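All chains should be built: construct the whole structure from the sequences, respecting the hints.
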Amino acid sequence: MAKHGKKYLEAAKLVDRSVNYELNEAIALVRKTSYAKFDASVEVCFRLNVDPRHADQQIRGAMVLPNGTGRSQKVLVITQGAKEAEAKAAGADFVGGKEVLEDIKKGWFEFDIIVATPDMMGELGKLGRILGPKGLMPNPKTGTVTMDVAKAVNEIKKGKVEYRVDKEGNINCLIGKLSFTDEALAENYKALYDVILRARPAAVKGAYMKNIVLTSTMGPGVKVAHD
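Quick note: the sequence shown uses the working numbering, first residue 2, plus one each step.
Hints listed in this document are in silico derivations from the structure and should not be mistaken for laboratory results.
Nothing here was measured: the structure is a model prediction, and the numbers come from that model.
The beta-carbon is built from N, C-alpha and C at its ideal position, and this holds for glycine as well.
Among the hints, a few may not be true.
Restraint ranges, calculated between C-beta atoms of paired labels, are given here [stated by the list, open to error]:
no.: 1; residue 1: Gly62; residue 2: Arg130; range: 18 to 28 Å
no.: 2; residue 1: Leu15; residue 2: Glu184; range: 38 to 48 Å
no.: 3; residue 1: Gly207; residue 2: Lys99; range: 41 to 51 Å
no.: 4; residue 1: Asp40; residue 2: Leu10; range: 14 to 24 Å
no.: 5; residue 1: Ser73; residue 2: Lys99; range: 45 to 55 Å
no.: 6; residue 1: Gly6; residue 2: Ala86; range: 31 to 41 Å
no.: 7; residue 1: Leu10; residue 2: Lys106; range: 43 to 53 Å
With a cut-off of at most 27 Å between alpha-carbon atoms, the simulated DSSO-like pairs for lysine-lysine come out as follows [as the list claims (entries may be wrong)]:
no.: 8; residue 1: Lys107; residue 2: Lys89
no.: 9; residue 1: Lys152; residue 2: Lys99
no.: 10; residue 1: Lys152; residue 2: Lys168
Here you go:
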């Protein structure tokens, strides 16, 4: 079990782990228990009653948070021809085709997310062993494999987040920064909550959401009341 420092332990004393706090109380506690000396990120973890070993229970997608994430992401668009100019005009940080893939093979990773047109996926797929473990492989389910590269770049720049259930049945997702207002964090949380609620697999019996926890970078988790 990981050992926590003195500041974490002091902050954790302010949270009653047996209580599911109302959202506004949870956000206030996350603020109060943050001791980071930077603008900490705020994340939410949904523990779901799903079995990701079954294809119909693998929850994955993407959405644009109403108030963005507070984090700027460097976007690489892998495409060719006229789509290159479209991507650049939309604000992509890097644009290119096979020559960029060669750079990645050599260890270049100065980007946070890749958008690709379908015609480039054959070449991109060859880098699966490099990109897969880093979570960088584009996917149609998250809107990162598309012919509409301008829309994809715009959404990412506005604050698009990807969510994906892990093998333990958890979804972890960024919903903003502590510099956000309580209202902005609550709005982002509710938007994500609604999307995940609607993604409930038909095969799930009983309670779908087991637990929801809000936390800040380095801070303790705070349980959130839910339906």
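- request: Please name the hints from earlier in the document that this structure breaks, with their numbers sorted from lowest to highest.
  value: 2, 5, 6, 10
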